[in-house]
Amino acid sequence: MNCRDISGMAPLYFTGELEHAQAAAFSEHLRKCPDCRQELAEQSAFDERFRAAILDEPVDEAALDQRIRDIIHAAPQNPHRWKQFIAGIAAVLVFGFVAYFALRFVRPNPVALAAARDHRIEIVDRQPRKWLSDRAAIEALAATQELAPSVLSALTPAGYRLAQARLCYLDGQVFLHLVYESSPGTVSLYLRRVDTSASSRVRLDTFAAEHVAGFQHGRLVAVLVTDQPDGVSRLAQSAASSL
Amino acid sequence: MPSSQAEFESVALCHTRSLLRVARRLTSSPSSAEDLVQDCLLLAWKNFGQFRPGTNARAWLFRILFNAFYASGRRLARAPVFLIPGPAIGDARTFSPSFDQTVDVLRALDSLPVDHRTVLLLGVVEGFTCGEISQILSVPVGTVMSRLAGARGAMRARLAVPAQLTGKDA
Chain A
96 MNCRDISGMA
106 PLYFTGELEH
116 AQAAAFSEHL
126 RKCPDCRQEL
136 AEQSAFDERF
146 RAAILDEPVD
156 EAALDQRIRD
166 IIHAAPQNPH
176 RWKQFIAGIA
186 AVLVFGFVAY
196 FALRFVRPNP
206 VALAAARDHR
216 IEIVDRQPRK
226 WLSDRAAIEA
236 LAATQELAPS
246 VLSALTPAGY
256 RLAQARLCYL
266 DGQVFLHLVY
276 ESSPGTVSLY
286 LRRVDTSASS
296 RVRLDTFAAE
306 HVAGFQHGRL
316 VAVLVTDQPD
326 GVSRLAQSAA
336 SSL
Chain B
500 MPSSQAEFES
510 VALCHTRSLL
520 RVARRLTSSP
530 SSAEDLVQDC
540 LLLAWKNFGQ
550 FRPGTNARAW
560 LFRILFNAFY
570 ASGRRLARAP
580 VFLIPGPAIG
590 DARTFSPSFD
600 QTVDVLRALD
610 SLPVDHRTVL
620 LLGVVEGFTC
630 GEISQILSVP
640 VGTVMSRLAG
650 ARGAMRARLA
660 VPAQLTGKDA
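Quick note, the sequences are listed as chains A and B, same order. If you read the first sequence in my numbering, its first letter stands for residue 96, the second for the next number, and so on. If you read the second sequence in my numbering, its first letter stands for residue 500, the second for the next number, and so on.
There may be inaccurate statements among the hints.
Claimed, not checked - Estimated spans, in silico, between C-beta atoms of each pair:
| # | chain 1 | residue 1 | chain 2 | residue 2 | range |
| --- | --- | --- | --- | --- | --- |
| 1 | B | G553 | A | P205 | 56 to 66 Å |
| 2 | B | T642 | A | G191 | 42 to 52 Å |
| 3 | B | S571 | A | G103 | 50 to 60 Å |
| 4 | B | S571 | A | K127 | 43 to 53 Å |
| 5 | A | G191 | B | S571 | 41 to 51 Å |
| 6 | B | P639 | A | S139 | 17 to 27 Å |
| 7 | B | D614 | A | Y195 | 48 to 58 Å |
| 8 | A | K127 | B | S530 | 48 to 58 Å |
| 9 | B | V613 | A | V193 | 49 to 59 Å |
| 10 | A | V189 | B | D614 | 50 to 60 Å |
| 11 | B | N555 | A | R144 | 23 to 33 Å |
| 12 | A | A119 | B | G553 | 28 to 38 Å |
Quick caveat, the hints were computed from the structure, so don't treat them as lab data. Ideal Cβ placement from N, Cα and C applies to all residues, glycine included.
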């Protein structure tokens, strides 16, 4: 280490930031070099007198300090804004999570909704359609949908008679629409044979005046629609248990 | 009083005097210095949530102070006055008998470029290390060291008197 190095590293020497090895070499040079010793001593004396001179200058911060306190107290700002930000993000995530499941599980079943609309249009409003009312013709139509006559018999609600049938589309899928009549009213039963076998509990929905109950048993999907709120569940349970 | 206010007052407002002392050497008038420190402290209050308890609050506040100062486009800056003619650097080891007079030191300091004033105040008066000054001013440590050496030399030159007046060899 030479005198030039000492001059260059002097700022780190004064602030105590020299690493151990550097400090040792620095001290060793100072021990041997009177010029550098004198220079650093004078610089140190200068720093001390400079610091004292600056600190001697009167500074009255009281008024400013009070003004800052008044501003902070008068219009407090939440210094933990990042916590609010995190809380906001969490709230959005929770809302999204709930909304997702609400839409996923609570939104109307499209087939049930289509069945209710079809029942309203075809049965309640009696749109002029071509229906099959002959039992043999209905069974032949059912056979085209892989639905055996025994299924039709089993699903006939107690006290009802099969009045008519036709094919229709519900949510883009072909269903056999069977209409059963009795003195309390009319029931629509929509049937479709599907590829995947499964079993589900009866699910109930209400759309305006139409009460809908749907279930899957094996490869058979059945949807009942009626305007009798108390009867649809019982009819569906009876139909499901008869299969 | 919300605990955050009390916490801020204990962490930050105890440094108002230091901030004001430095701001007065940066700006053109006492009122400009107070405006700068007020801006600094209100910014600190606004962003107090980012401050990590236990870390160097003084360095954090000075960093905000200088950010505010430079953000002002130095419109608040004190113009160098050069009230004291600086002798040749070779005479810098010999100090004026009146060196300890505050007014001479302040006038000499004000005659320095603001970058040199800044490192002298932070390093010599406020006691920050070169590493801390580097973080406060967002400049490399080597730059801080260079500015410190230059500022010390310039101050000693401005406060020196010709060698013949002291009877010492230059």
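Consistency of the hints with the structure:
no. : hint                            : result
1   : G553(B) <-> P205(A): 56 to 66 Å : holds (59 Å)
2   : T642(B) <-> G191(A): 42 to 52 Å : holds (49 Å)
3   : S571(B) <-> G103(A): 50 to 60 Å : violated (33 Å)
4   : S571(B) <-> K127(A): 43 to 53 Å : holds (49 Å)
5   : G191(A) <-> S571(B): 41 to 51 Å : holds (43 Å)
6   : P639(B) <-> S139(A): 17 to 27 Å : holds (25 Å)
7   : D614(B) <-> Y195(A): 48 to 58 Å : holds (57 Å)
8   : K127(A) <-> S530(B): 48 to 58 Å : holds (53 Å)
9   : V613(B) <-> V193(A): 49 to 59 Å : holds (57 Å)
10  : V189(A) <-> D614(B): 50 to 60 Å : holds (51 Å)
11  : N555(B) <-> R144(A): 23 to 33 Å : holds (27 Å)
12  : A119(A) <-> G553(B): 28 to 38 Å : holds (32 Å)
The structure does not agree with numbered hint 3 stated previously, though it agrees with all others.
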